[in-house]
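Asks: Sequence:
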Amino acid sequence: MTSLFQKRKRIFFKNKLALGALILFCVLFVLSLLSPVLANDKPLLLRYENKWYFPFVQNITDAELGGNLPTYADYQDSFTQEQIAQHGWAVWAPIRYGANTVDYFSQEAFPIAPNKSHWLGTDDQGRDLLARLLYSLRLSLLFGLLLTFLSSVIGFFVGAIQGYFGGKTDLSVGRFIEIWGSLPQLFILIILASFVKPTFWTLLIILMLFSWPNLTGVVRAEFLRVRNLDYIRVARTLGAGDLNLIVRHILPNALIATVTYLPFILSGAIVALSALDFLGLGLPPGTPSLGELIREAKENLNAPWIGLSVLVLMTTLLAALLLIGDGVRSALDPHEQEK
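Those letters in the sequence shown? Residues -14 to 324, per my numbering, in order.
Bear in mind the hints are in silico, worked out from the structure with no lab data behind them.
Even glycine gets a Cβ: it sits at the ideal position worked out from N, Cα and C.
Among the hints, a few may not be true.
Each pair of labels, with its calculated beta carbon distance range [as the list claims (entries may be wrong)]:
#1 Gln71 with Val244: 55 to 63 Å
#2 Pro79 with Leu209: 49 to 57 Å
#3 Gln92 with Ile190: 43 to 51 Å
#4 Glu93 with Gly52: 24 to 32 Å
#5 Thr187 with Gly52: 36 to 44 Å
#6 Gly292 with Gln92: 38 to 46 Å
#7 Ser63 with Leu177: 19 to 27 Å
#8 Leu177 with Asn85: 45 to 53 Å
#9 Asn100 with Leu18: 22 to 30 Å
#10 Leu171 with Leu317: 29 to 37 Å
Could you put together the complete structure from these sequences and hints?
Replies: As structure tokens, then:
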């Protein structure tokens, strides 16, 4: 690692807020990835009549567990639980509810306030709120990371073409971006949602079409600045081609300038998905998402635990991303490196 990288890393680590936000974000991301292990209505490991099963990744029928039905086993059913206790044992997840598991055996009306069975309560359909928060967080982070990566790659490429070639190319692409950016995104999404079934991938593609210009201005400015520096002119005089100049000499500088914006693009992607789900234009109904939880909180003002849980999670996540972005900006700031 170069001394410059070491200096930038030291500046970032000195920023306690940014470092703490990075650790918090990593913890939330790992917990979200482990949501099928942390919250599941199926056993993680099952030993039944001297046979080993992994129900959370494989389907087991009711007949295999002593029942009479050929359908998949319902592990919330008391008969199934008694059969497991008599003929074997099981290892359960800490939260014994999945994202869409309805607590049919509850004696209380939905939504249920926080109790020993549901640590954060349930929503208006009897689904465990903590389980849905974990699965919603996983979906939002994976969607946001994919959207950030894909839109950044496209935006970086377009900005690089603009800044390196300049002239008519820069002018033509710039006018196209202005026209494209002025399109009413919400109305286009409503029109598309009327004849295209919203799924994870269709929403990813649609939002990517409108989010890629976010980085073009920064990349274009960096390429315009660097392309006329002396070492670029010398390399061009020595016979270096356009591709070689872009990849080896200009690209590293532009990447450093754009890294600062990635946490903000990620937070914007998460907010965009949540807003679409809240408006009913996002993922199919029943899919665990932060936007759907916000809508449920609005529709169930008598259950404040729903709104408070979503508010705390989204505030924590977005604040962590903003603090990480600010820490990266400080680490890449030349004035901070001179101190």
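Asks: Does each hint fit the structure? Answer for all of them.
Replies: Hints, one by one, checked against the model:
Between Gln71 and Val244, the C-beta spacing of about 58 Å keeps the proposed range 55 to 63 Å intact. At about 54 Å, the beta-carbon gap between Pro79 and Leu209 stays in the expected band of 49 to 57 Å. For Gln92 paired with Ile190, a C-beta distance near 46 Å keeps the hint of 43 to 51 Å intact. Our hint of 24 to 32 Å for Glu93 and Gly52 holds, since their Cβ atoms are close to 28 Å apart.
The hinted range of 36 to 44 Å is satisfied by Thr187 and Gly52, whose Cβ atoms lie roughly 39 Å apart. At about 25 Å, the beta-carbon gap between Gly292 and Gln92 misses the expected band of 38 to 46 Å. The hinted range of 19 to 27 Å is not satisfied by Ser63 and Leu177, whose Cβ atoms lie roughly 46 Å apart. At roughly 26 Å, the beta-carbon separation of Leu177 and Asn85 lies outside the given 45 to 53 Å, and the hint is violated.
Taking the beta carbon of each, Asn100 and Leu18 are about 27 Å apart, inside 22 to 30 Å as hinted. One distance hint, 29 to 37 Å for the beta-carbon pair Leu171 and Leu317, holds here, with the actual separation near 34 Å.
Of the hints listed earlier, those the structure fails to meet are numbers 6, 7 and 8, in rising order.
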